[in-house]
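Single-letter residue listing:
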Amino acid sequence: MTIGAFADRGADLQLVGIEKRFPGFTAIENLNLTIPAGSFFALLGPSGCGKTTTLRLVAGLEEPTGGRILIGGADVTNQKSFQRPVNTVFQSYALFPHMTVLENVAFGLRRRKIGDPVAKAHEALLLVELDHLAHRRPQQLSGGQQQRVALARAIVNRPALLLLDEPLGALDLKLRRQMQLELKTIQEEVGLTFLHVTHDQEEAMTMADIIAVMNKGRIEQMGEPQQLYELPKTAFVANFLGQSNLFTGPVVSTTGTAIAVDVSGQKIVVPLERAHRVSGAVTIGVRPEKLTLHDVAPTYSDGRNVLGPGRVIDVSFSGVSTQYLVAVPGIGTLVVFAQNMAFGPAAHVGAEVWLSWNVNHGFGLDDDPTDAPRFEADLDTKTIAQQRRSSLITEFEEA
Amino acid sequence: MAFAAFSSTAPSATAAPSTDPVARRRSPVALFLLLPGILYLVLFFLTPLVSLLLTSFQSPREFGDIGQFDYAFRWQNYVEVVTTYWPHIVRSFSYALAATFFALLISYPLAYFIGVKARKWPLLQSLMLVLVIAPFFISFLLRTLAWKQLFSDESFVVQSLKALSLLGPEAHVTGTAFSVIFGLTYNFIPFMTLPLYTTLERLDVRYLEAGNDLYASPFQVFRKITIPLSMPGIVAGTLLTFIPAAGDYINASRDFLGGTGTQMMGNVIEANFLVLQNYPSAAALSIILMTVILVIVSIYVKRSGTEELL
Ligand SMILES: Nc1ncnc2c1ncn2[C@@H]1O[C@H](COP(=O)(O)OP(=O)(O)O)[C@@H](O)[C@H]1O
Ligand SMILES: [Mg+2]
Chain U
1 MTIGAFADRG ADLQLVGIEK RFPGFTAIEN LNLTIPAGSF FALLGPSGCG
51 KTTTLRLVAG LEEPTGGRIL IGGADVTNQK SFQRPVNTVF QSYALFPHMT
101 VLENVAFGLR RRKIGDPVAK AHEALLLVEL DHLAHRRPQQ LSGGQQQRVA
151 LARAIVNRPA LLLLDEPLGA LDLKLRRQMQ LELKTIQEEV GLTFLHVTHD
201 QEEAMTMADI IAVMNKGRIE QMGEPQQLYE LPKTAFVANF LGQSNLFTGP
251 VVSTTGTAIA VDVSGQKIVV PLERAHRVSG AVTIGVRPEK LTLHDVAPTY
301 SDGRNVLGPG RVIDVSFSGV STQYLVAVPG IGTLVVFAQN MAFGPAAHVG
351 AEVWLSWNVN HGFGLDDDPT DAPRFEADLD TKTIAQQRRS SLITEFEEA
Chain B
1 MAFAAFSSTA PSATAAPSTD PVARRRSPVA LFLLLPGILY LVLFFLTPLV
51 SLLLTSFQSP REFGDIGQFD YAFRWQNYVE VVTTYWPHIV RSFSYALAAT
101 FFALLISYPL AYFIGVKARK WPLLQSLMLV LVIAPFFISF LLRTLAWKQL
151 FSDESFVVQS LKALSLLGPE AHVTGTAFSV IFGLTYNFIP FMTLPLYTTL
201 ERLDVRYLEA GNDLYASPFQ VFRKITIPLS MPGIVAGTLL TFIPAAGDYI
251 NASRDFLGGT GTQMMGNVIE ANFLVLQNYP SAAALSIILM TVILVIVSIY
301 VKRSGTEELL
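Chains U and B are the protein sequences, given in the same order.
If you're matching positions, the first sequence starts at 1 in the UniProt record's numbering and goes up one per residue.
If you're matching positions, the second sequence starts at 1 in the UniProt record's numbering and goes up one per residue.
Wrong hints could be hidden among the right ones.
To be verified - Derived DEER-like restraints, expressed as beta-carbon distance ranges: (1) B:39 - U:174: 55 to 63 angstroms; (2) B:43 - U:22: 58 to 66 angstroms; (3) B:126 - U:26: 53 to 61 angstroms; (4) U:390 - B:202: 53 to 61 angstroms.
Stated by the list, open to error - Pairs of lysine-lysine residues, derived as DSS-like cross-links and limited to a Cα-Cα distance of at most 27 angstroms, are as follows: (5) U:233 - U:290; (6) B:120 - U:113; (7) U:80 - B:120; (8) U:80 - B:224; (9) B:120 - U:120; (10) U:216 - U:267; (11) U:184 - U:174; (12) U:80 - B:117; (13) B:224 - B:120; (14) U:216 - B:120.
Derived by calculation from the structure, the hints in this document are not laboratory data.
Virtual Cβ for every residue (Gly too), placed ideally from N, Cα, C.
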């Protein structure tokens, strides 16, 4: 892989046992990650979990305390940043203030002595719809425009691996959607490998082929977006990627296809292949949109779990769906998303309701239920995720 | 280059319509507030300048004593001083240029270390800054005299150099171009270091990282990013060194580090004013010195294009 020419295809990235310690603080511990060539990979996690540090290690701006980094099979751990076939879209943009937008974009091309840098820079600026501002200074652009210039400055180099550190954070919703599409198109057209860092779970899910959910310097779970959503492995993933209703209890019986868990006296069944643990105390869960509300006790015998009775304590209408909070004695508060199929809510505050869901929609976590501190910290990120979600919803409504 | 494009486009388009009426309105309060400054300038800058200009055209009084002159328009004074003293004029500017160059060469790495590398250790940063400023606590006359002692023929430095045959048996260090440029460089290093430090201290290292990420080697990052971004400091430091160095008459004086062959314009002006009592020549030389510095500085500031970075 030479620096002097455009990459004709993406390269895979391998992180082997990466560890990064700052004085008195371990930012990343034992990180193992393989990103296939040509994929759109999202690193998703809350603020401060080590995403930027991971990118800086890959870019060569930070030296790992331990472990190896391989790009396209070649060990680059000891390579200097400017020798690596990698470009970064920085979270802070870091556009050179003493150069025009055009010169900023052409900078990498000139360093690599690639022919016709100006024309190629114009092309890249056209791609991000900023060619008309090519002769401005970065500080004369808005935040969103600067971000697009930063994107153009990296993409124009056609690196085998493009690192994006929350590149769409400063854009308004419409532009963000547009840029998400653009990014995805560029990535697919050129077949480059994108490592996209974000704390926006929706962005990660819509754009990425593979998502790795990161928490406190460790990868909690990695997989395709749908797989991660349908079958989260830890309470953190279950709540960071969308919302979940989680219950804890001992496994009371096991059949060849399912386990039954006793949750405060009510039996809940989870399919065996959807449970990460099959004995002892386990945490199981179900997504809010999988729940159905009933105003009389349902009489299902098989194939559905039933909880109740509980009492509706909050109803909030959000357009496509309505969110109900249902307090079930001995279990806690459950969240239910119900499609607005009829006018008016299906239940009012104070109503007595039962909840049911298809057994096949439940999932069992791999977490140790006695691992109390992890749960507490997760509550915090859950609120972050919820706040983001509600702010996105209001944004949608305004747009 | 690119700077021209910048200045011609943006600010004029946006700023012009909105600010015009405000700028045009003359406020008596503003004028009143400016009054002390204007008075001060008239009294202590304009008056001596006019006096100097008038003196430079004076002609010797007929049958008068030495040092007696009448107001006239004797422009030949200028021709005379240039033909007599052109070696001193050339020497002044070449010594000042050399001193500025060496001071920059020494100060830039120093300021870079204090302002960028030492950021992690604020205590070391302050300590080094104090060390840069500390020499100011002793009069520069004394310090320059001390160097004269250090460079004198009997000094340990010169003796050792001679013992090592790095210096011929008949050679001297004081009174040479070397010692004068050395003295100028030494005396102006703090004036170079401090403005450099203030810009480098604010240098955002993320730009350097971005440069590294975009395939620029450390040297290219330095040339394409660090230097342009620290241009305001470089311009301020070189001006603060070059301007006083060109007019300096202490270092080149025979009483300090200079000799007969190293006299600069300052020395000639001093001699003409105080010894020869040839006031018109001294005044003409002063005007020439000032004009040349003004021309050089304005070209320099324009070329370096630092107006917007300042
Ligand atoms: N240079 C540094 N020195 C000490 N701690 C650092 C340094 N850089 C980052 N950290 C810490 O490492 C953690 C991860 O930071 P970062 O990778 O920037 O998080 P993210 O990008 O996921 O928000 C944070 O707690 C941060 O305070
Ligand atoms: Mg970050």
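Here's how the hints hold up against the structure:
1. B:39 - U:174: 55 to 63 angstroms: Holds, at about 60 angstroms.
2. B:43 - U:22: 58 to 66 angstroms: holds, 60 angstroms
3. B:126 - U:26: 53 to 61 angstroms: violated, 31 angstroms
4. U:390 - B:202: 53 to 61 angstroms: violated, 40 angstroms
5. U:233 - U:290: holds, 18 angstroms
6. B:120 - U:113: violated, 36 angstroms
7. U:80 - B:120: holds, 22 angstroms
8. U:80 - B:224: This hinted pair holds, its Cα atoms lying about 18 angstroms apart.
9. B:120 - U:120: violated, 40 angstroms
10. U:216 - U:267: Violated: residue 216 (chain U) and residue 267 (chain U) sit about 34 angstroms apart, past 27 angstroms.
11. U:184 - U:174: Holds. Residue 184 (chain U) to residue 174 (chain U) sits at ~16 angstroms (cutoff 27 angstroms).
12. U:80 - B:117: holds, 19 angstroms
13. B:224 - B:120: Roughly 25 angstroms separates the two Cα atoms, so the pair holds.
14. U:216 - B:120: holds, 25 angstroms
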